[in-house]
Structure formats: C-alpha cells, structure tokens
Amino acid sequence: MFVKKVDVTTHHHDELLDITHLVQIAVAESGITSGRVQLFVPHTTAAVTINENADPDVPRDILLGLQHISPVLSQYRHGEGNSHAHIKSSLIGCSEEVLVQDGALLLGTWQGIWFCEFDGPRSRRLIISVMQG
Amino acid sequence: MFVKKVDVTTHHHDELLDITHLVQIAVAESGITSGRVQLFVPHTTAAVTINENADPDVPRDILLGLQHISPVLSQYRHGEGNSHAHIKSSLIGCSEEVLVQDGALLLGTWQGIWFCEFDGPRSRRLIISVMQG
Amino acid sequence: MFVKKVDVTTHHHDELLDITHLVQIAVAESGITSGRVQLFVPHTTAAVTINENADPDVPRDILLGLQHISPVLSQYRHGEGNSHAHIKSSLIGCSEEVLVQDGALLLGTWQGIWFCEFDGPRSRRLIISVMQG
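Protein chains in written order, with our numbering: chain A, 28 to 160; chain B, 28 to 160; chain C, 28 to 160.
Between beta-carbon pairs, the in silico distance windows are:
#, chain 1, residue 1, chain 2, residue 2, range
1, A, V99, C, D34, 33 to 39 angstroms
2, C, A55, A, A81, 41 to 47 angstroms
3, B, S101, A, F29, 44 to 50 angstroms
4, C, T47, B, A81, 31 to 37 angstroms
5, B, S101, C, D34, 46 to 52 angstroms
6, B, F29, A, F29, 21 to 27 angstroms
Covered, in the sense of this in silico footprint (three residues per stretch, anywhere, with C-beta under 8 angstroms from a C-beta of chain B), are these stretches of chain C:
#, stretch
7, 65 to 76
8, 92 to 103
9, 113 to 125
10, 149 to 158
For the record, the hints were derived by calculation from the structure and aren't laboratory data.
The structure presented is a predicted model; accordingly, all values stated were derived computationally and were not measured.
C-beta: ideal position from N, C-alpha, C; glycine also.
Produce the complete structure using the sequences and hints provided.
Okay, structure coming up:
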C-alpha cells in the first residue's frame, strides 16, 4: 500500500477544487498500475466527490444546491456555527474509491475528483492511498 | 482483480433499477468466493445505492424524496438544465462496496443494490470489480 | 480478511452512536496493523458516517438537519411510514472505509465513526471487516 498526504489550500468559504491531477500524480508515484486508489479527507466540514469537471457552472451549481439543501438553521446549538457544513460533509462523504487500470484512473468521460470545502478558506489535507490487486 | 463492464438501459427520467442479480452474476463469473465487490457508476447524473428491494413503493418514495431535496432551482446556470441531477449524483454517490463470503454478497435481509438514474432515459454503464482477500 | 459482526442497540428514534472504539477493538483483534477497515450497516433505515465526536451538539445538530432535509412527506406510499428514514440511509450511505497504519485508524483529529439510527429504537448489526495490504 502506497500512502501520500497532500496539502490542499482552499480560498473561499464554499469551494469545489478539482484534484484529479493530484490523484493521477500519486498513482504514478506509487508505481502501481493495477488496483485501486482511495481518497480520504480527514476533516469534518469538508468532503470529496466525483462529478463533472468540464463546465465550471457544474461545481458552482452544486455548491448553490448544497446551500439550499443544508442551510444555516436557527435551532442549531454547536457553538462554532458551522453545523450546516458538518451536515454537508456527511451527505457528500469523506472518501471515494476509484479503480486503477494500466496505470490510469478508471473514471467516466465527464468525471473528475473534487475536494469539497464547506467551511473555508483553510489549509486542508487529503490522504491518497493506492492498493495493488 | 476481476473487472466487468455492464450495459444498463434506463427507461424513465428518474429511475431506480435493481441490479443485485447483475452483481451476483459477476461475482460468480469472477470465481472469487471471499473478498469484496465494488460497484462504480462512470456517470455524473447517475449513482448507485443500497436500499430495500422488497416493497416497490420504497424506490418510488426515494425518487420522490430526492426530487423534494434537490429540485430544479432557477439560479442554476449549467446550460444542460440538469444541475439538480448532478447534485443527486454527489449526494447518493457513484460507488458502493459489498463483502463477498462463501461466494455470496454479504447484504442485509432487506438490502438490494440499485442503479440510480437521475437524467434519463439513457444507455448507461456499470463497472463491477471483484477483489480477493 | 478478518470479519466481525457486532450487535448495536439504539435507544431513540433518531440517534448517532459513536462506534469508533468498537472499530478500534476489532482492528486490534484482527492482528492486522497495515491495511483498511470497512464498516458496513446491513439495514435500510440506518447508516454509518464519519464526523466530529468532540462536541455532543454536532451529532444532535446533524440529526436535526437531516430531519429538515428529509421530512415525512404526505405523498409517500410505503406502508411502514418510514420512507424518510430510507432516504436518509441512502443519503448518508451504509458503508465507510478507513485506513489502518501501525495498528491505528488513520482518522483526522476531530473525526469519529458514527452508527446512524433513523428508525429506532432497535437491535442493529454492524459488520466490520479488516483487510491487510
């Protein structure tokens, strides 16, 4: 198993960052050409998802939709005021797993991998692990 | 690792298709009796989930609930008009992983595996990978 | 592969139960010090998620937010009246996967693993599988 911890810097409160190339680089560095790569976000107000990375309006609309789905509610008690971001993190999820074949990610034509910031801007981490087999 | 790409045809705009048997067939074909099977949807307006496959009203209600959760918003900009479907895809997620023991899927009594179409009808693909160990 | 089935008892209709220690115990019992652990919930109105386990208001707010996101809708037809719970199960997801390094879970500082009950109280099961590599 090859494990790489990558620093990710976000610049907005809510942001979708295309990290597909970071994952491709880690897979190349691992030397593993057949297996799987897991992306893990070790944070509770961030996430990782796979979605279209062609039209920049897609990530923009996803963030807008998530604000509609998980708004700030007056009944929340958590003192940091970011319960809506914790909920987005659990809705989207903190990990993804993609197949590796012939050294390449087995993604669909329109799929890219996105780091999801819901309580930024911040310095974040991403754990990329590549497994043979 | 055994990898099989399966064609899935959907017939409605929103649809939950029970694909449990397709996964069972692929596991049998793989010859792997102990390990794990991953389901991966290489699309950005579809998904895969595990939920009840006894009462047909459950998938019907899930689709209805998701329309309530991620409706079409007038503020969306993505030109294809399917941003609400992209959001459903990220909420439900494009992969699932199930244990294989003694050649069988280790699912709960009421669990089935569902291909989720959110922007159909279309010809879709499902990638099934079975890993030993 | 080491597989352990754990009984989980919930005490409320909606509840987030911190199961991080159960996962740590299973990893120790497996004797596997490097690899991955998968948590799988074999139910259709429950789930598993990773989120903050420091402030008890976070799980309380997550449950409140999920009730807002997936309320009981009058249009639901499923006779058991728990379609909103089935939807929460698919939104959060029935599995999580965490890396194991030097015998420890590779979680972030604030991350814990939560069993999510959306239709309790009930006797539930959790399947913990640990894989080397």
